[in-house]
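Student: Please take these sequences and the hints and turn them into a complete structure.
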Amino acid sequence: MQKVILFPQSCKGMEDCGICAFVCPRSLFVASEEMNESGYLPPLPPDEEKCTACGNCMIYCPDFAIAVEGGAVDGSEE
Amino acid sequence: MSEKTHPLRKYMRPQVKKTTFCPGCGAGIITQALLRAIDELGLTMDDFVFVSGIGCSAWIPSPLLNADTLHTTHGRPIAYASGVKMGLPDKHVVVVSGDGDLSAIGGNHLIHAARRNIDMTVILVNNGIYGMTGGQTAPTTPYGLTTITSPYGNAEQEFDISALVVAAGGSYVARWTTYHPRQMTKSIKKAIQKKGFAMIEAITQCPMQFGRVSKQGSAVNMLKNYKQNGIRIEKAAKMDPSELQGKIVEGVFVDCDKPELISSVAALQRRTGGKE
Ligand SMILES: Cc1ncc(C[n+]2csc(CCOP(=O)(O)OP(=O)(O)O)c2C)c(N)n1
Ligand code: SF4
Ligand code: SF4
Ligand code: SF4
Ligand SMILES: [Mg+2]
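Protein chains in written order, with our numbering: chain A, 81 to 158; chain B, 35 to 310.
Read the hints as simulated data drawn from the structure, not as lab findings.
Careful, some of the hints might be misleading.
When the alpha-carbon atoms are kept at most 25 angstroms apart in a straight line, the in silico SDA-like pairs for lysine to any residue are as follows [claimed, not checked]:
no.: 1; chain 1: B; residue 1: Lys51; chain 2: A; residue 2: Ser118
no.: 2; chain 1: B; residue 1: Lys51; chain 2: A; residue 2: Glu95
no.: 3; chain 1: B; residue 1: Lys38; chain 2: A; residue 2: Ala133
no.: 4; chain 1: B; residue 1: Lys125; chain 2: B; residue 2: Glu192
no.: 5; chain 1: B; residue 1: Lys258; chain 2: A; residue 2: Asp96
no.: 6; chain 1: B; residue 1: Lys38; chain 2: A; residue 2: Glu113
no.: 7; chain 1: B; residue 1: Lys224; chain 2: B; residue 2: Met79
no.: 8; chain 1: B; residue 1: Lys52; chain 2: A; residue 2: Ala101
no.: 9; chain 1: B; residue 1: Lys51; chain 2: A; residue 2: Gly93
no.: 10; chain 1: B; residue 1: Lys272; chain 2: B; residue 2: Asn188
no.: 11; chain 1: B; residue 1: Lys258; chain 2: B; residue 2: Ala301
no.: 12; chain 1: B; residue 1: Lys220; chain 2: B; residue 2: Asp81
no.: 13; chain 1: B; residue 1: Lys228; chain 2: B; residue 2: Lys51
Tutor: Listed below in structure tokens is the structure:
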């Protein structure tokens with residue numbers, strides 16, 4: 081089952097934002113080379129095999145560009 | 035890439051596809067923390083009225099939220115919200131606005147609403163600067179910081195807004211940075227459920243204005259700073275103030291119950307035979 085769903089059109093770009101890359105404990109986010117409609121570079125879909133569905137990328141993404149199925153929304157990162 | 039939508043989209047106006055914020059702005063993290071709180075409480079948008087003033091942060095309720103929203107005048111959202119709560123006491127009234135809006139031009143509304151203990155939730159989005167107007171010094175700007183209106187460094191001391199609202203009489207006061215969005219959601223849930231004046235001071239990155247002038251740079255660098263310097267109140271309480279230089283004290287500062295204004299007025303009306 082797909083754990084991480086991206087909405088690349090909502091993303092404001094890994095160059096100026098890049099918060100998903102910072103908060104992913106598995107460092108699974110790298111930028112696409114394809115611009116979205118707004119000219120930003122969204123992330124590529126992360127490697128599902130390595131993803132733990134921790135939910136961080138969803139909870140920290142300021143632009144609602146990531147959803148994690150079964151994401152541990154109330155898990156604690158500290 | 036799929037017909038699926040973000041699970042919190044159902045609380046947002048369908049015609050609004052994007053936030054109004056700059057890339058990496060923390061306002062979106064706070065929006066999500068708020069919507070997740072509403073979702074986890076099992077409430078609907080009909081249970082709420084959202085009120086904001088003027089500023090970047092004031093753009094959280096409108097245009098984003100699919101609810102009754104009032105986008106009011108600069109500094110006055112708490113005054114409008116007080117009227118809304120008086121007229122519609124069964125609604126959860128939530129103010130979302132900036133540090134400049136709520137603690138500078140609107141500072142007196144903030145402290146007096148806390149003193150009166152009127153039942154509302156204030157999410158004070160504190161980015162330490164006037165973001166929308168171009169990065170001027172705010173009452174929350176750190177001492178010494180260079181901004182466009184303090185080119186040689188800010189000579190003023192900054193407000194400790196949470197301490198101010200605790201002193202003024204708030205029933206629930208908590209502070210979290212955007213590095214702790216889960217804790218922020220938990221506190222927003224508590225604040226919504228609190229019968230009385232509740233405030234969450236959300237410390238957040240404004241990479242566009244604050245990040246540039248402070249040389250803290252990008253959104254990620256500012257989050258790293260929150261990660262390194264955030265410290266829980268329980269630990270901070272045991273430390274010497276000199277050790278807390280540059281630290282951001284986070285946690286719940288007050289959580290208490292005392293007579294709330296709307297209920298007190300209703301009781302008064304009953305006692306004096308006035309109309310409710
Ligand atoms: C009466 C009045 N004075 C000044 C302004 C200009 N103004 C608009 S937003 C703003 C400051 C906003 O700062 P803050 O509340 O911190 O919001 P931010 O943009 O940082 O989120 C000011 C001074 C105004 N709109 N109305
Ligand atoms: S956190 Fe969200 S908006 Fe930011 S780069 Fe990642 S997907 Fe894009
Ligand atoms: S859910 Fe966690 S592990 Fe999976 S991609 Fe997101 S941040 Fe990385
Ligand atoms: S100016 Fe700052 S506060 Fe305003 S949207 Fe941009 S990053 Fe956010
Ligand atoms: Mg501000």
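Student: Which of the listed hints are broken here?
Tutor: 4, 10, 11, 13
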